[in-house]
Structure formats: structure tokens, C-alpha cells
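The listed protein sequences correspond, in order, to chains A and B.
With the first letter of the first sequence counted as 1, position 152 gets the number 152 in this note's numbering; the numbers rise by one all the way through.
With the first letter of the second sequence counted as 1, position 61 gets the number 61 in this note's numbering; the numbers rise by one all the way through.
Check each hint, because a few of them may be wrong.
[Said to hold, decoys possible] One-sided excerpt, in silico: chain B residues whose CB lies under 7 Å from chain A: (1) 4; (2) 24; (3) 31; (4) 104; (5) 108; (6) 112; (7) 122.
For the record, the hints were derived by calculation from the structure and aren't laboratory data.
Each residue gets a CB set at the ideal place from its N, CA and C atoms; glycine is no exception.
Chain by chain, the residues:
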Amino acid sequence: LRSSAIGSVIGIMPGVGATTATFVAYAAAKQTSPSPETFGTGRIEGVIAPEAASNAKEGGALVPTLALGIPGSAAMALLLGAFIVLGLQPGPEFLAKHMDLAFALAMILAFGNVGSSVLMFLLSKSIIYVTRVPGHVLAPILLVLVAVGTYSAENNVIDVLFVFIFGILGVAMERLDYNRPALLLGFVLGESIERYYQVSVNAYGAWFLARPITVTIIVIALTFMLWPSRNRIALLWRRA
Amino acid sequence: MSAAAVFPSIILAIVAAFVASGFLVYDYSWSVMAFPFGAGVATCALCALEIIRCLAGRAPLAEQASAAALEPLSLQSLAWMFSLALFLYGLGFVAGPALYLLVCLRANGQTWGLSLGMAAASVAVTWGVFVKALGVLLPLWPLWF
């Protein structure tokens, strides 16, 4: 439920990106778990959290798409395009004029999620056999799919080369016990941070960081970041 | 511990180089560089602290990967994984993956039937699905050709 709420809220923010919701939900699940050190070893909470956020973000993304005409995700951009082709202009007036359509879309999304959940429950006994395939059989098959899929995204061999370069980096980080999801998170969020930093500097100058809304967001982010370590911080404070 | 200092050192060098090049090479204004400079200095300070701790033999501050129950891959497994690059370079994206699966699965003790079946499935996916059905221009010939 918490991950779904996180997914919905992040989905409402246009341009944040679908991947962000899954990472934030995973981090929240890990931080609030009584045994966070076991995450990354097959804990089911680590699978449920990002998946719940991933499904929930589409519902959230529907809000800016319909209410403001700003697509909240790649799928919503397609939906927006389809609306425009049909002569419908999503925006503030859309909700007033076509409330029935907006309601139907929300219901379809909800039904899709519930329907796919039921389907997965029914198929889970068959699908579970995939996990019994030995790693040395599954790994080469997945690697081939990764390589071909990477090439087909941009028709560029250099992208495939980067798969192997990042593979080497990942192995080195694993051997030295460095946190690979942390690198991935920076990699995923880096583009958004650069883009919106540029937008903010153009709009408000370098001191946008001192604006009340920015300070509020930073304080909220710091609170969430430090909350799991509050006991350690309090202990250090008392010692000081 | 000294090996663990490698990553913070690389991060420190890259961040310091980028921040310095922003000022010295690209001549960005303070308005543009204020936040990158602040974030860069904070990152460099944390990296320096991490390097000092690693070299002093103390546990690093950064959260360690939770590899409690995961066994690291053997060198042989890694070699098999990265050898896909050679197959792709040497034989292209249709024959390469098929031959890679055949050789890799056979070498890892799988039956001829499974290995040949997976190789055939690979050709069906790369040629049939990607090239024919989806129209993806996969390199059919060796990349050096």
C-alpha cells in the first residue's frame, strides 16, 4: 500500500520518470524493513514494492495528462497523442466537458491492474517453473536478449559495447562491495536533475535553492533520508 | 581496504575535473555553476573522507552492497558471459547469439538437444521476430566485415 501511494504521487509529477517511482519505493521498503541488510538476496518485499509502485504510477500519471494536458509518463504521452488525433484536447476544460471519459479511463486502468493481478495469481503455478531453470542456462539466454534488445533501441553497436563496459564496472563494484543500485539511481536520475536544474536556473537564477518551495522540498527530502537513522543521530547528538 | 579506495578516488577525480573544467575551460558563469560547485565540493569532501578511512583500514562510511547470501560469480562464469561480445563482433547479431548459446550451453553440460533447440530459438527470435517482424536492422554480417 505504501509503495502504491509512492507510485501514485510520483506518477502525478510530470517528467519525473517511471523508473524513479520503482527506485523510491524500493528504497522506502528497504529503509523501513526490520532487516534491510537482507534486501538484494531475494526478499519478496524488494520485488513487491517496485512492482506496486510501477503499476500505481500509471494511475497518478493520468491526473496531469487529463487535467493539465501534460503527459506523466511515456504511455500517457501515447494516450495524449491518441486524444489529439481524435480531436480531444486534454486540459482543464477536458474534465468539465468529458468527465465520463475521464472516469471511464480511470476505471479501465483500475480494472486492468486488478485483471492482470488475478491472471498472474492463476498463472503463478506455471510461471514459477522459470525460477527453477539453472542460472548457467538462464544467464546466456538473458544476455543474448539484453544485447539484441539494446541494439534494437537505437540501432547502435556502441550501446551494446556500453552494456559490456557497465557489466565490467558492475563486476568490479560487486567484488569491492560497492552499492550498484546507488550508481544506477544516479545514472537514472542524472538526466532529470540536469534538465530541471537548467530550467530552474533559467527561471530564477542561481538562488532558486533559497526559494521557500525549494527549501521545503529539501527539508522533506532530508527528513525522509535521515528518518531511519534518527536513533543514531540522537545518540551522536547526546554524546556531543 | 586500499582497493576499496579506488572508486572514491575515481569519483573524486572525475567530479573535480568536471567542476574545474566548468570554470576554467567552458567559462560558465557563477549563476550556472553555483549548484554544481556546491554539490561537487560536497561529493569530493565525502570521497576524500572515504579514501582516508579506507587507507586507514577502517570500514567505509558508504553503505555496502548487501551481498550476504549471494556468491560472487566465478572467473569462468564471467568469461562465458563476456565472450558474447566476441561472438557478436565475430559473427554478427543472428549467427553470433545462436552459436554463443550452442557453445555456452554445451560447455556447461547441457544436452545437445537443449543446446541446439536454444540456438534455433535464438535464430527464430533475432531473424524472425527482430529482423523480419519488427524490421530492426540487426547487423547480419560480422561487425569487422
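Discussion item. When the structure is checked against the list of hints, which entries are broken? Sort them ascending.
Written reply: 2, 6
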